[in-house]
Amino acid sequence: MKVTWVKPRYFFEVSKVLFPIFIGLGVFFFAVGLYTALLTSPPDYQQGDAMRIMYVHVPASWMALFAYALLAFLSFFVLVWRSPLAELLAVSIAPIGALFTVLSLVTGSLWGKPMWGAYWVWDARLTSVLVLLFLYSGYWALYKAYTHTDQGIRAASLLALVGVINLPIIKWSVNWWNTLHQPASLTKLSAPSIHPSMLLPLGLMTAAYIFYFFILLILRARTELNKRKLLIQESLT
Amino acid sequence: MKPKHQRLLTLCAGLIGLGIAIFLISIAFRDNLVFFYTPSELSKKTIHPQQHLRVGGIVVTNSVTHDRDNVTFEITDDIKTLKVAYIGLLPDLFREGQGVVVEGHLSEPDVFQAETVLGKHDETYMPKDVADRLKEKGLWRDAR
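Here the protein sequences line up with chains G and Y, keeping their order. Read left to right, the first sequence gives residues 17 to 253 (our numbering). Read left to right, the second sequence gives residues 768 to 911 (our numbering).
Hints in this document: simulated from the structure, not taken from any laboratory. Some hints could be false.
[What the hints assert, rightly or not] As a list, the in silico BS3-like pairs of lysine-lysine whose alpha-carbon atoms are at most 25 Å apart:
| id | chain 1 | residue 1 | chain 2 | residue 2 |
| --- | --- | --- | --- | --- |
| 1 | Y | Lys771 | G | Lys23 |
| 2 | Y | Lys850 | Y | Lys812 |
| 3 | Y | Lys769 | G | Lys23 |
| 4 | Y | Lys895 | G | Lys129 |
| 5 | Y | Lys850 | Y | Lys811 |
Keep in mind it's a predicted model, so treat the numbers as computed, not measured.
Please put together the full structure from these sequences, using the hints given.
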């Protein structure tokens, strides 16, 4: 299989066009999303205004999982085809994914104290998300542990692939085991347990998070590429 | 065989093996991975008198009694009911008909001495007026 089109150059040409569009849409969705989430949407019948934390917590958790799935997918290409673009993107994604995981853990814990009565409990959902954070940091540590990045990236990619097993565990932990964390409100098969007036801000915030993710990804990938170009120039002179 | 095909095969075989291993481990530890037992699960288990554990259930309506800081209530999973005694502050979500998880030990065969009470929230989110209207129409299902 010839995969010459997955060259970094093409990615950066496409990203040059997409970047301003993503910025525009990202700003738009954050503005509308935060306005509806914090001001116009009704408070919950039981949790009151504390449920508004959900609007930043749930999309952050989704993005943390999405980023990891993407990281693992790219790692597969790194290991099998030694694709330079996959490597560049994977290295750029890992810290962004870790950021969303931290955001999810922190907002969840701020919600947990007033609602559950505890910042943290060792139930299956919370623990498996903490493991996700360790996987992201383990990936980064392994990648940086070698003098040559092409050795580091292979070790790290292997870890990323092994860690994929954690994704279904996170997703279904609330169904497989008794957990303190509530089960999913949005499932494919049944009507959502979230009232439409609350679903709208959640959707808008999710869109905002998605664009924010890709904005960060393009920025980080550009920086990473420039860094590598500089290193090559230095080694030549 | 090209090196990249070899890498592909090794990787796939390794990941499938790992998947099976994790699956078997999680089945073996199924019982240890639960955050809490339900009252009916508890009644089937042999519990040491001072064993530390968590039990979860719905607070039975009209079972809550306050005596200064001492609170007693019953939790149920619709099959078995367990008496709980607790001293301290209750979380915001604690109310009758609501799910809770209590942490502590069995002080008597059928009385649970709780050190911590955690409110358990379900996956339903709705505005207050919608909830009230549902209750009026009698369409309200118990929080579960």
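Hints, one by one, checked against the model:
1. Y:Lys771 with G:Lys23: Since the Cα atoms of Lys771 (chain Y) and Lys23 (chain G) sit roughly 18 Å apart, the hinted pair holds (cutoff 25 Å).
2. Y:Lys850 with Y:Lys812: Roughly 17 Å between the alpha carbons, so the hint for Lys850 (chain Y) and Lys812 (chain Y) holds.
3. Y:Lys769 with G:Lys23: holds, 21 Å
4. Y:Lys895 with G:Lys129: Holds, at roughly 22 Å.
5. Y:Lys850 with Y:Lys811: holds, 16 Å
This entry satisfies every hint, going by the numbered hints stated previously.
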